[in-house]
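Listed in order, the protein sequences are those of chains U and P. Per this note's numbering, residue -10 is the first one in the first sequence, and the count goes up by one each step. Per this note's numbering, residue -10 is the first one in the second sequence, and the count goes up by one each step.
By construction, these hints were calculated from the structure, which means they are not laboratory data. Here the structure is a predicted model, which means the values were calculated and not measured. There's no promise every hint is true.
Note that identical chains are pooled: a pair holds if it fits in a single copy or bridges any two copies.
[Unchecked claim] Okay, derived cross-link-like pairs now, DSSO-like style, lysine-lysine, Cα gap no bigger than 27 Å in a straight line: (1) Lys28 <-> Lys171; (2) Lys172 <-> Lys132; (3) Lys90 <-> Lys185; (4) Lys185 <-> Lys203; (5) Lys166 <-> Lys104; (6) Lys203 <-> Lys132; (7) Lys146 <-> Lys104; (8) Lys210 <-> Lys172; (9) Lys209 <-> Lys90; (10) Lys172 <-> Lys183.
There are 2 protein chains.
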Amino acid sequence: MPHTYEYPRAALTVDCVVFGFDGGELQALLIRRGLAPFKDKWALPGGFVRVEETLDDAARRELEEETGLREVFLEQLYTFGSVKRDPRERVVSVAYFALVKPGAVTAATDAAEAKWFSVSDLPSLAFDHVDILTTALTRLRGKLTYQPIGFELLPPKFTLTQLQRLYEAVLGEPLDKRNFRKKALSYDLLIALKEKHQDGPHRPAQLFRFDPVKYERLKKKGFLFEI
Amino acid sequence: MPHTYEYPRAALTVDCVVFGFDGGELQALLIRRGLAPFKDKWALPGGFVRVEETLDDAARRELEEETGLREVFLEQLYTFGSVKRDPRERVVSVAYFALVKPGAVTAATDAAEAKWFSVSDLPSLAFDHVDILTTALTRLRGKLTYQPIGFELLPPKFTLTQLQRLYEAVLGEPLDKRNFRKKALSYDLLIALKEKHQDGPHRPAQLFRFDPVKYERLKKKGFLFEI
DNA sequence: GATTAAAGTGTAAAACGAACACTATGTCAA
DNA sequence: TTGACATAGTGTTCGTTTTACACTTTAATC
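Work the whole structure out from these sequences, hints included.
Next comes the structure, spelled out in structure tokens:
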């Protein structure tokens, strides 16, 4: 059913930069395009915004349709509106960035292939998706140093070493173990569990979980989780 | 000339939160709407994005058309996409925030009335423009403490007291004079001019200007202007 | 030349950040 | 069972930064 307007309108899409962490390097989830333009190229998961859904809803829907991911941390990033960013016609894209925990493996993909890539070793991407990804990476680095969002990339139970490795991977620099632990524990937002994490012939590590309730309380008072 | 698409499309607009500073309180520039919906209500300057212009261009164009402002600091803020934010039809709005210097007084307004309001004493606004304004204010507060954007709200030549008053107005708290001056000067981004600012029966104040060239150099190295 | 009112300046104490090396513990293999 | 292995876990010192705080200077005006 066609729809007619007095003036030409841009098409509106959402694109999601999905970050994951495998314990070593920061990863981004890409899908292989099945259709032209840029057929067979890697691209960010995303698609058209329906006229009766919010932008957030569209991002979540596309993410689930194309990668099977649900209930992930999702935040609006930036809106990309260059005139020629899509060769077919004017397309404005609202970009989101998502953080997913290792458990949430890519399973139910819609049709196209979905794959994790190290952000340090990305393939060439369709459209202006490199720009979007770069913007997301800058944002993630910035946010990580003043908001406790790293936990969104770790399993619910994690060790302090895992947390440190994550920070090191995202920030791209080694951190001092003692200083990191002191700082991470100083906010009293990590709850030590009764369990330990055993992983080879060496001392097992204390497991922690993040306390989101306490964080919400602190956040309202303008709290910063600085590492 | 009508334009037809296979699926319905949202209309795309830009809205600008324009901040100014009169020496006392932080101000926002609003225009009175001449047309329905929300006729005669105050609203943010903004309008439809043309299909052949970028979002930034649209924001600059609308700003000039509706308020006469040109060459202002302008940065994308957030994209608002609630389904019912415009009672007529689906409208997605890319919000911008602008900082203008006192000199750039509102003159050549398109037709509608434009007026400065203290952000602490705003009228009721059209659409979801309060949300947009609140988001902009939060962003401005955040940015001010780690980027030297305050200068965009002051005349090219300013005194340290004027700068401090601006910070106090935006952050909403008094700052210590000596500590503020020490910090502001410590980055070596303020150039003392040969002129003084005389303003009543008391010691005249040293005038400074901001050094944008030096700042650009520092910014590339990941510099933070923290106050 | 006395008054006015804002400009301009330094220091001490406390908090914070950075640098740095050894002990503890469970597993595994000999 | 015992010793080797490999990661977990822990404190202190030193330099820097932040905070708190009060008096002197200066030009204009009366």
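Hint-by-hint comparison with the structure:
no. : hint              : result
1   : Lys28 <-> Lys171  : neither (49 Å within a copy, 57 Å between copies)
2   : Lys172 <-> Lys132 : both (16 Å within a copy, 24 Å between copies)
3   : Lys90 <-> Lys185  : within (20 Å within a copy, 58 Å between copies)
4   : Lys185 <-> Lys203 : within (23 Å within a copy, 51 Å between copies)
5   : Lys166 <-> Lys104 : neither (32 Å within a copy, 55 Å between copies)
6   : Lys203 <-> Lys132 : both (19 Å within a copy, 26 Å between copies)
7   : Lys146 <-> Lys104 : within (25 Å within a copy, 54 Å between copies)
8   : Lys210 <-> Lys172 : both (19 Å within a copy, 25 Å between copies)
9   : Lys209 <-> Lys90  : within (25 Å within a copy, 32 Å between copies)
10  : Lys172 <-> Lys183 : within (21 Å within a copy, 46 Å between copies)
The structure does not agree with the numbered hints 1, 5 stated previously, though it agrees with the rest.
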